[in-house]
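S.K.: One-letter residues, chain by chain:
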Amino acid sequence: MLTVTPHHFLILSFILFGIGFLGLLIRRNVLLMLMSLELMLNGVNVALVTFSRVGNNLDGGIFVFFIMTVAAAEVAVGLALLVALYKKRKSVFTDDMSLLKN
Amino acid sequence: MSTVDFLFWVFAILSVGGGLSMILSRHPVSAAMFMIVSLVGVAALFVILESFFLAVLQVLVYAGAVMVLFLFIIMLLDVGPGASKINLSNWKSGLVGFGCTCLLVGIFFSLNPSSADLVANEQMWPKIPDASTLSSTKSLVFSTEVSAFGYGLMTKYMLPVQISGFLLLAAMIGVIILSKKGDTNQDI
Chain A
1 MLTVTPHHFL ILSFILFGIG FLGLLIRRNV LLMLMSLELM LNGVNVALVT
51 FSRVGNNLDG GIFVFFIMTV AAAEVAVGLA LLVALYKKRK SVFTDDMSLL
101 KN
Chain B
1001 MSTVDFLFWV FAILSVGGGL SMILSRHPVS AAMFMIVSLV GVAALFVILE
1051 SFFLAVLQVL VYAGAVMVLF LFIIMLLDVG PGASKINLSN WKSGLVGFGC
1101 TCLLVGIFFS LNPSSADLVA NEQMWPKIPD ASTLSSTKSL VFSTEVSAFG
1151 YGLMTKYMLP VQISGFLLLA AMIGVIILSK KGDTNQDI
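In the order they appear, the protein sequences are chains A and B. Position 27 of the first sequence, counting from 1, maps to 27 under this note's numbering, and the rest follow consecutively. For this note's numbering, add 1000 to where a residue sits in the second sequence, where the first one is 1.
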């Protein structure tokens, strides 16, 4: 790794996080919002692994391990919620789920 | 520019491009495919950062289990391509998101003392030590061996391991309960 610094990896992590955040805001399909959430978590994983390598530390890598575990569990529960909601609303778009709106 | 640098740019562009294509795609299935491409790109970046165990775990867990679960649900709910358009009345929130990303990158650039030149020196990437001296409360030394990972999980991070076990159990029970057919027709 001669000309690629840790800064490059951290900027990449920021960009991945920002793209996931953007996707969460502009999409109205709940499935795509969940996928953008996963992209945000991946951005954070890249940052953690970079710091783990630079700080000569395995703590960052173990934290990434736990983030992956929690993300998998969260996706499972989120999708189960989505399926239960679909049975009621018959749609996966947040435009059709506006019962609480005025 | 060495091979590793070239590979970094290839996989960085792959993961960022996959992410962008994912949020801008029309059909959810193609969004899932682009997401898988992005995840594999991130796994390759983990390999460049010499965390081989995490790279394999990324492919197995994220691209292999989480995205397959997404595809199951997409196929189950049968979301068509014509319906999933980007709602352009959300352009204000999209602008906020884009502004936040630029703000983050800008803050990063301004706080970095050596941001004037991003040319690396060898001292930024410390060498991985050969013998890993591990103790249960001090920080674990970086190593590419999986055994060091397992050692850290079993000594220093034993409590989070147990808690994530309970978390997975709770998630499993929750998913089973959520997907049961209710006897009485309750309104949400």
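Honestly, the hints are just simulated from the structure, not real lab data. Heads up, the beta-carbon is just placed ideally off N, CA and C, and yes, glycines get one too. Keep in mind that a hint or two might mislead.
[As the list claims (entries may be wrong)] Estimated spans, in silico, between C-beta atoms of each pair:
1) B:L1076 <-> A:L99: 39 to 47 Å
2) B:V1161 <-> A:D95: 40 to 48 Å
3) A:L99 <-> B:V1047: 42 to 50 Å
4) B:F1109 <-> A:K88: 45 to 53 Å
5) B:A1170 <-> A:S98: 28 to 36 Å
[Said to hold, decoys possible] The list that follows gives simulated cross-link-like pairs (lysine-lysine, DSS-like), each with its CA atoms no further than 25 Å apart:
6) A:K90 <-> B:K1181
7) A:K87 <-> B:K1180
8) A:K90 <-> B:K1180
9) A:K101 <-> A:K88
10) B:K1180 <-> A:K101
11) A:K88 <-> B:K1092
12) A:K90 <-> A:K101
13) A:K101 <-> A:K87
14) B:K1092 <-> A:K101
15) B:K1092 <-> A:K87
[What the hints assert, rightly or not] If you only want the chain A side, here are some residues facing chain B, beta carbon under 10 Å, derived:
16) L31
17) L32
18) L34
19) T50
20) G61
21) F63
22) V70
23) S98
S.K.: Failing hints, ascending?
M.R.: Going through the list in order, the structure violates hints 1, 10, 11, 15 and 23 and respects the others.
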